[in-house]
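Going down the list, the sequences are from chains A and B. The opening residue of the first sequence carries number 68 in the working numbering; numbering runs sequentially from there. The opening residue of the second sequence carries number 157 in the working numbering; numbering runs sequentially from there.
Among the hints, a few may not be true.
[Claimed, not checked] Now the stretches of chain A that chain B is said to cover, found in silico as 3 or more residues with beta-carbon under 8 Å: (1) 79-92; (2) 154-168; (3) 313-320.
Treat the hints as calculated values from the structure; they're not laboratory data. Since the structure is predicted, the reported quantities are computational estimates derived from the model, not experimental observations. Note that CB positions come from ideal geometry on N, CA and C, so glycine has one too.
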Amino acid sequence: MISLGLWTLLQKEVRRFLRVPGQTLLSPVITTALYFIVFGYSLGGRLREVEGVPYARFIVPGLVTLGVVTNAYLNTASSMFVMKLQGTITDLLVSPLSYGEILAGFVVAAVLRGLLVGGVMWGVAGVFSGFDVAHPLLALALVVLAAVAFSALGLMTAIWASSFEQVNFFPTFFITPLTFLGGVFYSIEMLPAPFRAFTHVNPVFYMVDGVRFGMLGISDAPPAAGAALLVVLASGAIAAAYAMLRSGYKLRG
Amino acid sequence: MDTVVAIRGVTKRYGPLVAVDGIDLGIRRGEIFGLLGPNGAGKTTLISMIAGLLRPTSGEISVLGHDVVREYRETRRAIGLVPQEINFDPFFNVEETLRMQAGYFGVRLAEERLVEILGALDLLSKRTTNSRALSGGMKRRLLIGKALVHDPAVLFLDEPTAGVDVELRRSLWSYVRRLRERGTTIVLTTHYLEEAEELADRIGVIDRGRLLVVEDKDALLSRHGAKVLRLSLARPIASLPAPLVAVGARLDAGGSVVTFEASTGDAFGPLLAAVADAGLAVGDVETRRTTLEDVFVRLVSRDRGEATA
Ligand SMILES: Nc1ncnc2c1ncn2[C@@H]1O[C@H](COP(=O)(O)OP(=O)(O)O)[C@@H](O)[C@H]1O
Ligand SMILES: [Mg+2]
């Protein structure tokens, strides 16, 4: 049972990203295909197998996770920031929507976009490397948790930010580097010791590793570590975003 | 009388700046209340706190008996706000914009209500036009439509006719009167005095965050009101003869105009006699009643004078 107010916000947020399908859907498809051609084939030709799976399959969970979290983050961040710029955030602030409803509207729409993009990427990747999934429900649950965490992060960043540059700060300086160093393209067994140590404190590593266990049934770390980390990240980010909305920080002077 | 909005000791600070300074005010059911003040007086800040866009630093506001912070869901259902700054979402057309805003308030906009709002705001032909493609005046009317979708008990209009042409201004005024006739309480902020004089039943004058006066418009005009006599002299004079100074006349326009203000009940006879005695050649005579503008300028300059003294 959701209220008409929340339903309206959710619908609006979903329509917003569906109206620009080139940006929201086509671009991740092209990016994934490029990753496959460059990493999957050129590198994969030499690497052949990582932990007993073909390299082209090995990189799929990481790429999908990256697509999901980036798009979940971007959806809340750009939507909230644009509403602040346009002044249309006023429409929500004068409405009787509760803090929880506003949060849910933004986060659920962003998770849907993340899953849509992740699903499309997984479909494209499947063409190159096959469609079987080891633990489908676990894989889906972990991806959803990751999307929830990053969409809440995107929302908080946009509430705080006063320029587009600040909105992009987080993806540029955290998400992308942590992802590239987080075992998307390699097994940590392949790294020299100092980098391996760094990987062990990188949350994205556990996230990708957990999703890889869900999808391929192989992992570097105990899969429970990834799952636990994602539960903590998602609930922490949601609690922080709720507290931020409730406090009126930046939005209500 | 029935108070719809009760404001008690409300202050809003921005660092050292006190934008709203301990305001007490009650808005009565069914009235048009004009909140009048120069730019930066604190009008937008005050109504933003009532509508829930800003939190007061201190003090309390209730709408229909509900606290605007603790019981915001109840108070916001009762309030419609037309913000000062135009905003629009270029993703949506006029109908979608109105339906969405109604949805946020938990209201499914019935077709006849939609048509009624569009008709009243002269936007029927723009129903499926993207909001980006509307003219400035149309965007402002769409903002009014958005504030009305949930049929609020109190409508706040923040400088609704700023930058709007004369014709649209007249039609907005008549629409505001129609809303009031149907029972909507209206709070209007403006720095445009003719607007308050035309529309308001009661007027509050605000300057530098403080409410200087709250009074029925007619009472305000007659208490502070006066009539003004302007005599344009055929030949300018260097200084006003003593008998004219004694009755309270003033020399303006570089010595070519004598201005005299009297309360509504007084006569101009003695002044005219004094002018004749002084032998001044009068070229033209003009009389008018004081307007809200005169009252306003007097109140604000008195307030500022006291503060700097
Ligand atoms: N967000 C803000 N931060 C700092 N000062 C502000 C802010 N908003 C308004 N002010 C100041 O508060 C005062 C009242 O502003 P406002 O309520 O907009 O006046 P009005 O609507 O009467 O023109 C002004 O001095 C304005 O500069
Ligand atoms: Mg203002």
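Coverage claim, chain B over the stretch 79-92 of chain A, checked by counting residues with Cβ within 8 Å (three needed):
Satisfied; 4 residues make the cut.
Can you confirm whether chain B covers the stretch 154-168 of chain A, using C-beta to C-beta distances below 8 Å and requiring at least three such residues?
holds (count 11)
Can you confirm whether chain B covers the stretch 313-320 of chain A, using C-beta to C-beta distances below 8 Å and requiring at least three such residues?
n = 3 at 8 Å, threshold three: holds.
In this structure, every one of the numbered hints holds.
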